Amino acid sequence: MNVQKSLAGILAAALAALVPSWASAQQEIKVGGIFDLTGVTSDVGKPFAQGVQDCVAVTNDAGGIGGKKIKLLGADYGYKIDQARALYKKFVNDDKVVMIQGWGTGDTEALKDFVGQDKIPYFSGSFAAPLSDPSKFPYNFFVAPTYSEQLRSWLDWVKQDYGKGGGKGKAKVAFMFGDNAYGKAPLAAGRKYAAEIGVDVVDEAVLPPNFQDATSQLLTMKQKGVEYAYINVTTTGVSLVLRDAKKLGLTVKFGSNPYGFSESLVAVTGVVPHVPFGTPVPGMKMLEAAHQKYHPTDKHDAMYVRGWASCLVWTEGLRGADKAGQMNGPGVKAAVEKLADFSTGGLSQSVTYTPADHRPTMTTSIYQIQNGKLVKIGDYIMPRTKEWFGL
Amino acid sequence: MRCGDFRQSYAEDMSLFESPLPRVLLAGLLVFLLVLPGFASTYWLDVLSRIFIAIIAATGLNVVTGYTGLISLGTAAFLAVGGFATAAMAGKAGLPFVVVIPLSGLLTALVGLVFGIPSLRLKGLYLAVATLAAHYIVEFIVTHWDAMTGGVNGISVPPAHFAGLALSDDRSMYYLILPVMVGLLFFTKNLFRTKVGKAFVAIRDQDISAEVMGVDVFRYKLLSFAVSSFIIGVAGSLLAYQARLISPENFPITLAIDYLGMVIIGGLGSILGSIFGAIFITLLPEMLRLATDALGSYWPSLMVIVAPIKTGVFGLVVVLFLIFEPDGMAARWNHIKAYWKLYPFSY
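Chains as they are written, first to last, in the working numbering: chain A, 1 to 391; chain B, 1001 to 1347.
Any given hint could turn out to be false.
Just a few of them, taken from the derived set where beta-carbon distance is under 8 Å, the chain A residues facing chain B [stated by the list, open to error]: (1) Q83; (2) E109; (3) D133.
No wet-lab data here; the hints were simulated from the structure. Nothing here was measured: the structure is a model prediction, and the numbers come from that model. Heads up, the beta-carbon is just placed ideally off N, CA and C, and yes, glycines get one too.
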């Protein structure tokens, strides 16, 4: 009897779960989500996915988009490219989504030609500069300064800091990067800009995939007298470099990109396009409410905020498309391209997109980790020039 | 079905089908696969195409690992060679796919021949490490030979053209991949009825006695690597045509391990094993994802927690298979067949 009773209970629960989804199927906006929850970038991919999910939940609780609920079809692709492609095909052909929230360099690069053909706006967590050129990739978007602007801003900070410290001549800089598309993305721009502003790039060190030791690279840097180094890998890699630098007694000042460092590290000066969780900005109230409501025991970081910021921008795009009565790929693209100085409530810099330029912002915030806290050093504003477009 | 062994001549002993029934069933399956695109969704066509490509590559790996007994971790590297060769020939030289696919296979066979040379001296785990080196060498070359492979950013592959028609959607890709798979499976099945195939098996079973019997061990080991790499190269070529944009990130070392898993779970030294293993390993993540998606869409906040379970379940299933059916799914299939052959009058 007991078994039967509990079985009946499970059936009833399953039915109860099914019924509302049938009832609301008509009034839905389907959005695909390609996340990394189990792969090599899951350390940063998981909080990002959670941020997007919470933002969608809050938007739906507040009435959705013009009375329609967003249905986020999120799925994990484990940073496997064939899985991302399979998911993409399912989202576009079977589920008929209007747009996709994607994730890293791997999936974004593999799908960039397809999203243009299929006219599906694709918001990525990859900030590679070529994606910001709509003449090549009209349906790619992201919510942060490009990787190249980030490195340029960091080089500006280096020059300033070197001058302040009473350094003579040119500051000696090294680039450390992973041997992949993400690691190499800003290098060409960095080399060029360093030469322009008078900073010497004396060393470029490759960090192999899943490296456990960076001693040999650091010793070469020591020999060349490097004073500043930009580490272009994810957080785990950066912490290994810092460990080995401490072991060797290096006095190099390290910097990193927004996927490379968090509060858990020490003395890194890096790029933070999205404010840390808990920063007193107007937009944070919504995040804190969601945090209290859905998972009060979880800890959150800037990656979680990054997911929110991206989602806030495209939900605004969906609103615009809904008002124009164009709830489809080209409609969402057009609506996003009308956003001018759109504020995410301080979660990130205000963003602007035009049909000819998808660089969201030219302002990069540089933060420094001091006593386990992220402290803002300043905002670096780059000119919106033609030469730097897509580089 | 017949409950006995009625073979009376060597020709009958060598025949592919024991009785007319399997022949009819196989023909039926082929017809089914041919008409399937009429009603399958593009997502499932994509899954099927990936399964077919996996079957081809797993069969290739089975030739060298299952039939000749040489462990290879170079599958991902050989797939990459086939894929980037296709990108170069189809993209830069603009050759038609009828030429590109076999040429990609041949080029991969050459590369396989080179990396097969250590097999003269090395066996078992040592050979596995040597092929691992092959993987890293190929990975380094495709990552850094920017002019030819596009480096880390990858390279796009133009769609295959047939009679002026671009084979760019999933349906036409399906019809390109299916015949190639059937042809290669037929080739491999027949390979092991010939002198060459029997020499491979002799080397696997006991290389010293094979040499005593007059098998030129080194020659046949190299030949085994070449045949295997050819088949894997063709799979890589099809993969490139299907993906349309390939980069070194498409061919990680974990891919080679996945393929090794396929032939072990499916059954070493069995064509049927390669097929079962490829279907199983390709479908398992899809099935687990459909299951977690179903759970996740009712409780969206669960998705972040449920997704990693997928990885654990995958590992668990593999371990359970190795414990309860170490000879692979093909062996289990034969048990089931034997059971029904005698049903209901088992001895």
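Against the structure, the hints:
{"no.": "1", "hint": "Q83", "result": "holds, 7 Å"}
{"no.": "2", "hint": "E109", "result": "holds, 6 Å"}
{"no.": "3", "hint": "D133", "result": "violated, 14 Å"}
Against the hints set out earlier in the document, a violation occurs for number 3 only.
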